[in-house]
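Novice: Chains A and B supply the protein sequences, listed in that same order.
Here the working numbering is used: position 262 in the first sequence is 262, and no number is missing along the way.
For any residue, its number in the working numbering is found by taking its place in the second sequence, counting from 1, and adding 442.
Worth flagging that the hints you see were computed from the coordinates, not collected in a lab.
Each hint should be verified, as a subset may be incorrect.
Computed beta-carbon distance windows for the label pairs [stated by the list, open to error]:
#, chain 1, residue 1, chain 2, residue 2, range
1, A, Gln-272, B, Gly-487, 20 to 28 Å
2, A, Ser-346, B, Ser-471, 14 to 22 Å
3, A, Gly-291, B, Gly-487, 15 to 23 Å
4, A, Asp-310, B, Gly-487, 43 to 51 Å
5, B, Ser-471, A, Gly-351, 30 to 38 Å
6, B, Asn-477, A, Asp-310, 20 to 28 Å
7, A, Gly-395, B, Asn-473, 17 to 25 Å
8, A, Phe-275, B, Asn-477, 44 to 52 Å
9, A, Trp-244, B, Tyr-464, 26 to 34 Å
10, A, Gly-83, B, Leu-449, 32 to 40 Å
Just so you have them, the derived chain B footprint on chain A, three or more residues with Cβ under 8 Å [claimed, not checked]:
#, region
11, 107 to 116
12, 128 to 134
13, 246 to 257
14, 284 to 290
Bear in mind the structure is a predicted one, so any value in this text is a computation, not a measurement.
Built from N, CA and C at the ideal position, the CB exists for glycine as well.
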Amino acid sequence: MSAGTPPLSGVPPKPQVKALNCPQCGAAIILRSFGQAETVVCESCRSILDAKDPKLAILQQFEKLTSDVHPLIPLGTRGKLRGTDYEVIGFQRRHATVEGISYPWHEYVLFNPYKGFRYLSEYNGHWNDISVCKQLPTDDHGSANYLGETYRHFQTSDADTDFVLGEFSWQVRVGERAVVTDYVHPPRVLSCELLDKEVTWSAGEYMYGREIWDAFKLPGGPPEAQGVYENQPSPVKTNVTAIWVVFAAFAIVLLGLMMSFDMLAKKEQVFQQSFSWHRDDRGEPSFVTNGFDLGGRTSTVQIRTNAPVDNHWIYLNYALINDDTGQAWDFGREVSYYHGYDSDGSWSDGGLNDTVVIPSVPSGHYFLRIEPEMDPTLSSIPYTVSVTRDVPVFGIYGIAFAVLLLPPLLISWRAYTFERSRWSESDHPPMQLSSGSSEDDD
Amino acid sequence: MFQRLYLLFGLLTLGTAAFGQYRGWSLDSINQLKNVPKSVRDNPGSYRSVYSGYHHYTGGK
Numbered sequence: 001m002s003a004g005t006p007p008l009s010g011v012p013p014k015p016q017v018k019a020l021n022c023p024q025c026g027a028a029i030i031l032r033s034f035g036q037a038e039t040v041v042c043e044s045c046r047s048i049l050d051a052k053d054p055k056l057a058i059l060q061q062f063e064k065l066t067s068d069v070h071p072l073i074p075l076g077t078r079g080k081l082r083g084t085d086y087e088v089i090g091f092q093r094r095h096a097t098v099e100g101i102s103y104p105w106h107e108y109v110l111f112n113p114y115k116g117f118r119y120l121s122e123y124n125g126h127w128n129d130i131s132v133c134k135q136l137p138t139d140d141h142g143s144a145n146y147l148g149e150t151y152r153h154f155q156t157s158d159a160d161t162d163f164v165l166g167e168f169s170w171q172v173r174v175g176e177r178a179v180v181t182d183y184v185h186p187p188r189v190l191s192c193e194l195l196d197k198e199v200t201w202s203a204g205e206y207m208y209g210r211e212i213w214d215a216f217k218l219p220g221g222p223p224e225a226q227g228v229y230e231n232q233p234s235p236v237k238t239n240v241t242a243i244w245v246v247f248a249a250f251a252i253v254l255l256g257l258m259m260s261f262d263m264l265a266k267k268e269q270v271f272q273q274s275f276s277w278h279r280d281d282r283g284e285p286s287f288v289t290n291g292f293d294l295g296g297r298t299s300t301v302q303i304r305t306n307a308p309v310d311n312h313w314i315y316l317n318y319a320l321i322n323d324d325t326g327q328a329w330d331f332g333r334e335v336s337y338y339h340g341y342d343s344d345g346s347w348s349d350g351g352l353n354d355t356v357v358i359p360s361v362p363s364g365h366y367f368l369r370i371e372p373e374m375d376p377t378l379s380s381i382p383y384t385v386s387v388t389r390d391v392p393v394f395g396i397y398g399i400a401f402a403v404l405l406l407p408p409l410l411i412s413w414r415a416y417t418f419e420r421s422r423w424s425e426s427d428h429p430p431m432q433l434s435s436g437s438s439e440d441d442d
Numbered sequence: 443m444f445q446r447l448y449l450l451f452g453l454l455t456l457g458t459a460a461f462g463q464y465r466g467w468s469l470d471s472i473n474q475l476k477n478v479p480k481s482v483r484d485n486p487g488s489y490r491s492v493y494s495g496y497h498h499y500t501g502g503k
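So that you can see chain A by itself, here it is in the shape it has in the complex (with noise of 0.2 Å):
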């Protein structure tokens, strides 16, 4: 896989290609990675030619039984590829079936005279630039290593070749099966492809269509990207576990919050009073407390009704009226308590008290205005209500956390289902690994 030996200094020589004929079918063949392709395939009748013969000796013939299959960059395309000008000199069309579905992809061979080869992989719009490693990876059991980057397991598979056009760097073959096996780092694939006794290592990176076709000046657009690709870069570019740390750190910081308002919070009890309702009792219903001031800050003013309630129910018109300014704030509260036995046991609902704040009440002078209602099975009953200023709502802090709590929610709510997907479609599939089977050890 090495570049050759054009030179290196200097003004390069404008490559050029060399023309041969076929010697099955006579049709022209052209030869443009400057003898460094080890087969080269006739586009004509198919026959896979010694590259390296200067006959040209046919070494395989296969049939034209895959007419449809057309590379998406046709050969001879010439592009910039990370920065390096290449030329698509071969292409050919693998599959691998799993549990008897046939999954197809597209390999490219791609030449720079003096860069060398490399190749581009396509699957269901997901593409590939792929070289060979550099370096022989350590294979762990489940991982391996390359450059010091750790990759896991994802799949292995017998792939068939059944296409192949143009040149190649190798000794080509349709119908020849290898035993590919991926470990995955994305955007990174590390793949270890063992055919007979040979095995080559190679790595590649996750690129997007748009960027192939940019890189080649292709007419059109990419072939959309179907599903999530076993290297394919997560859209959750975010450091999920950073934002879990941001998340409690604004936790603890709500917490504090909480405690200095509670601990600064007056909660000033200005008024209670005890009253007694008779049904008995002719009249106006409704009375008017003795009023009471609201002191200091606009702030939250608590009224809570207790009523010795027993399977009965008190229901309270209030009214929190200004004595300055008649602005009031009206409101009905219930206060009852129910209990019982059944066939499920004992039940209660309810209780004896009932808690209000008023949001917002500036200071002054205040009354309440209190209209009762009862249960008609009640004769009289005695309740006692009470308000209270500048009471802490502990209701703002849940809402907060929760606030708080959506943004990390949902991102790893993304990126565990993007990750999801991606490991459903390897030898690793999450619900195996969550329900703890080994079958998936082969």
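Following the hints, complete the assembly by docking chain B onto the known chain A.
Specialist: Just chain B, lined up with the frame of chain A:
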């Protein structure tokens, strides 16, 4: 990028929570009225709560 946005979002959320707590926000829904007549003090029946005649849930299974 997302991390910075989340940092900003979180600070905004914490600031809103602190501001809400300071200003006395509440989660309870309270009907606010203006200009309730002063006569209510002497004649409570002259004012009728919007919640009067509320259908009471009697609880239980």
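Novice: Taking the CB of Trp-244 of chain A and the CB of Tyr-464 of chain B, does the distance hold inside 26 to 34 Å?
Specialist: holds, 29 Å
Novice: Kindly confirm whether 30 to 38 Å is satisfied by the beta carbon distance between Ser-471 of chain B and Gly-351 of chain A.
Specialist: At roughly 20 Å between Cβ atoms, Gly-351 of chain A and Ser-471 of chain B fall outside 30 to 38 Å, so the hint is violated.
Novice: Given that the region 246 to 257 of chain A was listed as covered by chain B, double-check it with a C-beta distance under 8 Å for 3 or more residues.
Specialist: Our answer is that it holds, as 6 residues pass the Cβ test (under 8 Å) against chain B, meeting three.
Novice: Taking the beta carbons of Gly-395 of chain A and Asn-473 of chain B, is their distance inside 17 to 25 Å?
Specialist: holds, 19 Å
Novice: Can you let me know if the beta-carbon spacing of Ser-346 of chain A and Ser-471 of chain B is within 14 to 22 Å?
Specialist: At 33 Å between Cβs, range violated.
Novice: The hint says 15 to 23 Å between Gly-291 of chain A and Gly-487 of chain B; measuring C-beta to C-beta, is that right?
Specialist: holds, 19 Å
Novice: Do the Cβ positions of Gly-83 of chain A and Leu-449 of chain B conform to the proposed distance bound of 32 to 40 Å?
Specialist: holds, 36 Å
Novice: Using the C-beta atoms of Gln-272 of chain A and Gly-487 of chain B, is the stated range 20 to 28 Å upheld?
Specialist: holds, 25 Å
Novice: Holds or violated: the region 107 to 116 of chain A covered by chain B, criterion of 3 or more residues with Cβ-Cβ distance under 8 Å?
Specialist: violated (count 0)
Novice: Does the beta carbon distance between Phe-275 of chain A and Asn-477 of chain B stay inside 44 to 52 Å, or does it fall outside?
Specialist: Cβ of Phe-275 of chain A to Cβ of Asn-477 of chain B: about 27 Å, so the range 44 to 52 Å is violated.
Novice: Given the hint of 20 to 28 Å, is the C-beta distance from Asn-477 of chain B to Asp-310 of chain A inside that range or not?
Specialist: violated, 41 Å
Novice: Could you say whether the range 43 to 51 Å given as a hint is met by the Cβ separation of Asp-310 of chain A and Gly-487 of chain B?
Specialist: With a Cβ separation near 30 Å, Asp-310 of chain A and Gly-487 of chain B fall outside 43 to 51 Å, so the hint is violated.
In summary, the numbered hints that this structure violates are 2, 4, 5, 6, 8, 11, 12.
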